[in-house]
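*Asks:* Fit chain B to the given chain A structure using the hints.
Spelled out from the first residue to the last, the chains are:
There are 2 protein chains.
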Amino acid sequence: MNDVRFALHGGAGVLDRQQFSAQREAAYRTVLEQIAGRAVAALVAGASAMDVVEQAVLELEDCPYFNAGYGAVLNRDGAAELDAAIMDGRDRACGAVGAVLRVRNPVQAARAVLRDGAHVMLVGPAADRFAAAAGVPMVLPDYFVLPERVAQLRLAQAQNRVTLDHDETYQPSLAAGASPDPNDKKGTVGAVARDQKRDLAAATSTGGMTNKLPGRLGDAPIIGAGTWADNATCALSATGHGEFFMRCVLAYDVHARMLYGAQDMSSAADAVLARAAQMGGSGGLIAIDRDGRVILPFNAPGMYRAWFAGHGIQVGIYPGG
Amino acid sequence: MNDVRFALHGGAGVLDRQQFSAQREAAYRTVLEQIAGRAVAALVAGASAMDVVEQAVLELEDCPYFNAGYGAVLNRDGAAELDAAIMDGRDRACGAVGAVLRVRNPVQAARAVLRDGAHVMLVGPAADRFAAAAGVPMVLPDYFVLPERVAQLRLAQAQNRVTLDHDETYQPSLAAGASPDPNDKKGTVGAVARDQKRDLAAATSTGGMTNKLPGRLGDAPIIGAGTWADNATCALSATGHGEFFMRCVLAYDVHARMLYGAQDMSSAADAVLARAAQMGGSGGLIAIDRDGRVILPFNAPGMYRAWFAGHGIQVGIYPGG
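If you read the sequences in order, they're chains A and B. Numbering-wise (our numbering), the first sequence opens with residue 107 and increments by one. Numbering-wise (our numbering), the second sequence opens with residue 107 and increments by one.
These aren't lab readings, by the way, just hints derived from the structure by calculation. Here the structure is a predicted model, which is why all the values come from computation and not from measurement. In this text, a Cβ means the ideal position worked out from N, Cα and C, and glycines have one as well. Warning: the hint list may mix true and false statements.
[Stated by the list, open to error] Which bits of chain A does chain B cover? Going by a derived footprint, with three or more residues having C-beta under 8 Å, they are:
hint	region
1	200 to 206
2	343 to 353
[Unchecked claim] What the simulated footprint calls covered on chain B by chain A, stretch by stretch (three residues with Cβ under 8 Å from a Cβ of chain A suffice, anywhere in the stretch; the number is not a length):
hint	region
3	396 to 408
4	414 to 424
This is chain A alone, in the form it adopts within the complex (with noise of 0.2 Å):
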C-alpha cells in the first residue's frame, strides 16, 4: 500500500472552463477516479504495474470521452487509426502497434507484440493481422466512428486544418450521448504505475489528430518519445502535439536528464515540456519514478488526469485542479 502508485491522462489541451458545464465537469471527474481508483485497488491486491496499466488504458479506451479506441478522432478519409504502446520497466520490455483499424483495444495488441517478443514495433494491416491472431479482439473499423468525430473531421476539413483533439472547436450533438460535452477537448490517453515490487510500467493509446495523414504515427507509440518505463528512472505517458514531442525524443529526454544529467524528475519533465513548447508543440505528462513521486505536469491549459500519491485518488483538469 505504501509503495503503490498510480497516475492515468485523458489527454491535454485546451479546455474552456466557461463552456464546460458543472454536470459534464463531473461526469468526467467521476469516469477518471472510477478507472484510478480500480488500478490502485489492484496494485494494492498485488496486481503488477504492467497489469494495471493495460487495463486502466483500455478502459480508458473504451470511454468515449477520450481519443483512444471507442471514440477516437478520425483521419482525412474518415477512419480511426489507433496508435498504442507499453513498456516494461524492469526490462525495457516493449511493445507498439501503429495506425490499426480493427483492434477494438489497441493497448491490448500493444501488449501482444511485447509477449511475443520478436519484435517492437507492429504497423497497418500487418499488425492488425498480427493482433487478430494473437487473440486479441477486433472490430469492424465502423465501430470506432462516432457521429460527433465524423462531425468535428468535415469541420477540420472545411477549414483545412489538420488538428490535435484539444485544438478543435467542433459542436457535436449534445443529444447523442457519447460526447457529452461541446467542449469535450480530449487527446491521446495514458497509465503510469509503481507496484508493490516497486516495478514501473506505462503505457499510452491514442486516436492522434483530427484530419491527420492516414498512416501517420505521433509520439505515442514511439518507446521514448510518448511512451517510457525504466526502474532506473520513471515510467512516464506524454500527450500532446506529437510531431515536436518526436522531434524531442521527449519521454527518453526525462529519463536521460534524471540518469546522465543528475536531474529531479520534475525539473526533467518541466524542461523537456519548456523546450517542445519553444518548438511549437504544447501538452503534458504523467510520471512516477522509482522513488514514488509522481508528477502531472502540462502546459497546456488543462489536462485531464487522477492519481494516486499514497493518499487517496486526486483528481484534475485545470491547473488549479
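*Replies:* Relative to chain A, chain B alone:
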C-alpha cells in the same frame, strides 16, 4: 573543404573474411568509395548536408549489395517492406516512412514527409500513396524481389528464424550478379554529413530483417533510435538489431550523454553500443559531431563503411580496415 565531413555505412554484421574473395571484397570497397567520393565532392561544391545524405542513401538503396531499396531482404510474406528516415541538424526537422512497398527510394519518401511538414512519420500503404502523390518515383513491389533474397527467406523459414541480414547463412547464386557473394552479409544503410556551413544531417534506410513479421518497424525510421541529427551534438545513423536499439533509444542516447553527461561523442557511442550488446543486440553506427569528428564504431565482426575526415576517402569492412 576543411569543414566538410562525411560517413556512410552499408550495414554491420558477421563478415567472414575467409569466405569473402578478394574480388568480391574489392567490389564492395569500390562501391563504398565511389558513393562516398561523390558525396564529398558535392559537399566541397557547396551542397547541403541534407541533400548529400539523401543522395548517398539513395545510391546505397539502388545498389543490390545492401539491404535497402533494391536488394532489400524479404518479410515473412515474401515482400520487401522498407523503412527510412532523414533529419536536419539545424532545426531537428525530420521525416520518416515505415513499411512502404512501392517507393523506389524510401529516403526520398522520408524527405517528402519532411518537406510536407504536417507530420514526422507515415507508415504502411498510406505512406506509399502519400509518396506517389508527392511525386516520388514508384515501382511495382516485385522490383525489390531478387532471387537471392527469396532463397534467403526460404532458408530462414525452413529454420523458423527471423534474422538480421548479417546473421544469415544463405547461398545465393553467384551467377546472378545482383548479390555478388555467398557471404554478402549486409544490413541497414545510412549516411551522415557536415556541410560547409557546418550543418549536420543524417539519413538511414533499410529492408529490416529477413522473415520479419509484415508491418514490423525497426530502429532505422524511428527518430532518436536509428537516426538523429542536431547541430548541438551530432548526426548519427545506426545499423544493427533494431529491437534492442529501439529499447536503448540508441541515437538519442548518444546525443543525451553528450549534452547532459558531458561525454565526448566517441565515449557516448561506445557506451550505448555496449549497453545494447549487454541487452543482446549488436551492430554499429556512424556519427559526426559539431566539431567535425567522425566515428564509425561497431561491435559486430564487421561493418561496411566509408568516410571523409578531412584527408581523403577511407573505406573499411573489418575492424582493421
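*Asks:* Against each hint, give a clear statement of whether it holds in the structure.
*Replies:* Hint-by-hint comparison with the structure:
As drawn, the region 200 to 206 of chain A meets chain B at 3 residues by the rule of a beta-carbon pair under 8 Å; at three or more, the given contact holds. Counting residues of the region 343 to 353 of chain A whose CB lies closer than 8 Å to any CB of chain B gives 4, which reaches the minimum of 3, so the coverage claim holds. For a cut-off of 8 Å, the count of residues in the region 396 to 408 of chain B with a CB near a CB of chain A stands at 0, and the three-residue condition is violated. Only residues whose beta carbon comes within less than 8 Å of a beta carbon in chain A count, and the region 414 to 424 of chain B has 0; fewer than three means the coverage is violated.
Violation of the numbered hints given earlier is confined to hints 3, 4; the remaining hints are satisfied by the structure.
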